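S.K.: From first to last, the protein sequence lines stand for chains A and B.
As numbered in the numbering used here, residues 1 to 243 make up the first sequence, in order.
As numbered in the numbering used here, residues 1 to 46 make up the second sequence, in order.
Every beta carbon over 12 Å from chain B, so not counted as near; a handful from chain A, in silico:
#	residue
1	67
2	69
3	134
Simulated restraints, written as ranges between beta carbons of each label pair:
#	chain 1	residue 1	chain 2	residue 2	range
4	B	16	A	105	17 to 23 Å
5	B	45	A	68	27 to 33 Å
6	A	184	B	9	21 to 27 Å
7	A	67	B	41	30 to 36 Å
8	B	8	A	184	23 to 29 Å
9	B	24	A	224	29 to 35 Å
10	B	8	A	225	56 to 62 Å
11	B	5	A	129	34 to 40 Å
12	A	2	B	16	24 to 30 Å
13	B	23	A	176	40 to 46 Å
Don't read these hints as lab results, they were simulated from the structure.
The structure displayed is predicted, hence computed values, not measured ones.
For every residue, glycine included, the Cβ atom is placed at its ideal position computed from N, Cα and C.
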Amino acid sequence: MKARITITALVALLIFCAGYAALFIAPDEATMHAIQRIFYFHVASWNAMFCAFFVAFYASVAYLVTGKRKWDALGVSGVEVGVICCTIGLITGPLWARPVWGIWWTWDAKLTSTFILWLLFIAYLLLRGLVEDPEKKASLSAVFAIFASLDIPLVYLANRLWRTQHPQPVIAGGPDSGLDPMIGKVLLFCLIAEFCVMILVLLDRYRLEMLRNDAAELRYEIESRGLDASDNAATPALQKGGE
Amino acid sequence: MKNFEFLFTAWMVVWAVFFIYEFSIARRIAQTRAEIERLKQQLQQR
Chain A
1 MKARITITAL VALLIFCAGY AALFIAPDEA TMHAIQRIFY FHVASWNAMF
51 CAFFVAFYAS VAYLVTGKRK WDALGVSGVE VGVICCTIGL ITGPLWARPV
101 WGIWWTWDAK LTSTFILWLL FIAYLLLRGL VEDPEKKASL SAVFAIFASL
151 DIPLVYLANR LWRTQHPQPV IAGGPDSGLD PMIGKVLLFC LIAEFCVMIL
201 VLLDRYRLEM LRNDAAELRY EIESRGLDAS DNAATPALQK GGE
Chain B
1 MKNFEFLFTA WMVVWAVFFI YEFSIARRIA QTRAEIERLK QQLQQR
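Same shape as in the complex, but just chain B (with noise of 0.2 Å):
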């Protein structure tokens, strides 16, 4: 198939993109959640 290799980057950047940007969410989410959990701890302790 003829120009093979931009039909099939193309294809890879589009989900490559979006697989590590909902990764990056994922990872933003736990850290978020990690933190809020702290908070309310350091609430209750005092």
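In isolation and in its complexed conformation, chain A is listed as follows (with noise of 0.2 Å):
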């Protein structure tokens, strides 16, 4: 419990100091001035989007590998938060957009394609409220989750690939791209401080999902031997007390 605290308290400390940093250390851009301090945010959600899918796609093939529970746990976890951190992405986007483009969103490749990574993401989550059988519901979330993941590659190259409102790719993207070095320096803290937030949040989340498989397996037994899991599965001062 002590480590943890130390672990949130130092996350919360490098969150002060990159925020500090991306409003008052970083440049000013020469063309879009202060709007463009949203890309310190803005990218760093998406990274942290992109590893948080990864540990996703990642787990749900060791899932359909090995058949363990806890790859499905670390699955709907990664998928979870990279939903969140997917919603963070597209809500900054349009707030850059607006002031910079004149427009909130635009359907161009880039655009387009995160936001059917979202809506695919999003039906996973959906699809596992649907399914009751824990192994049913555990196998098909992996194959979706695999399925989805393939949009992932379609996100990082649309800008690459295709023309798109969206600028084009300022770190490898080409001859004519590029960083200044103290933006460079501020956007890489950001994309560590928001991974760390990723982390933490998933382990908690993970945690949580390892939790209800306990629930699940103790309601599993309660029924086998014949009692009424239900009894009071929901009574107000229990959830009261659970709070």
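Make one complex out of these two single chains by using the hints.
M.R.: Structure, rendered in structure tokens:
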């Protein structure tokens, strides 16, 4: 518990420093000025999302290979955290686009493929809620996550393959791409900060899923002994105690 | 600072979404722990 509090405090400090660097240390960009600073949270959200969805993809393959429930728990955790990061990216993007492009949204390849990715993983989470049988739920979810992950390279490559309203890549984007050294350093700092937050949240979500598995096993044991597990499953008193 | 409202909103959105999500996870963990305790007691009683 003490280690957990220390790590959380360190990540909070990292977030504070990253925010300070993004808002006050990074230089103003020549054409967009202050609004360009959204870049530091926007790109960091996408980076965190790619990492979370990669975890989900890896865990889904591992589940199909091994059949171990811990991989299913990691898979759903990765998807849920990835959807959160994707949502942040989809909100901060239009907030940047409105003052710079004059529009909130456009259906170009980058934005559309990202929106489809978000919808696919929302569908994954809905699918899990519809299937009762745990084994069937885990297998279907793993297959669906692998299928949905096929959109990830498309999202990453969209503005490299097609002309888009979305800016061309500034990192590893060809001979004309590149960042001011100070902007690059601040961006790296923000990427690390949001990555750490993502990992912290992912671990908590994984812990929740493992606890849910424990609860499901206990319910199964009670049912197999012929007891009624739903006797007082959702009594107000217990719900209050849980909160 | 020009367009400060957009910058401020984006900054708030990032941490508000993470905070609300983390808070919801903590709440769900507490609820699940309480349910596990109840189920264990139910098993012991029989």
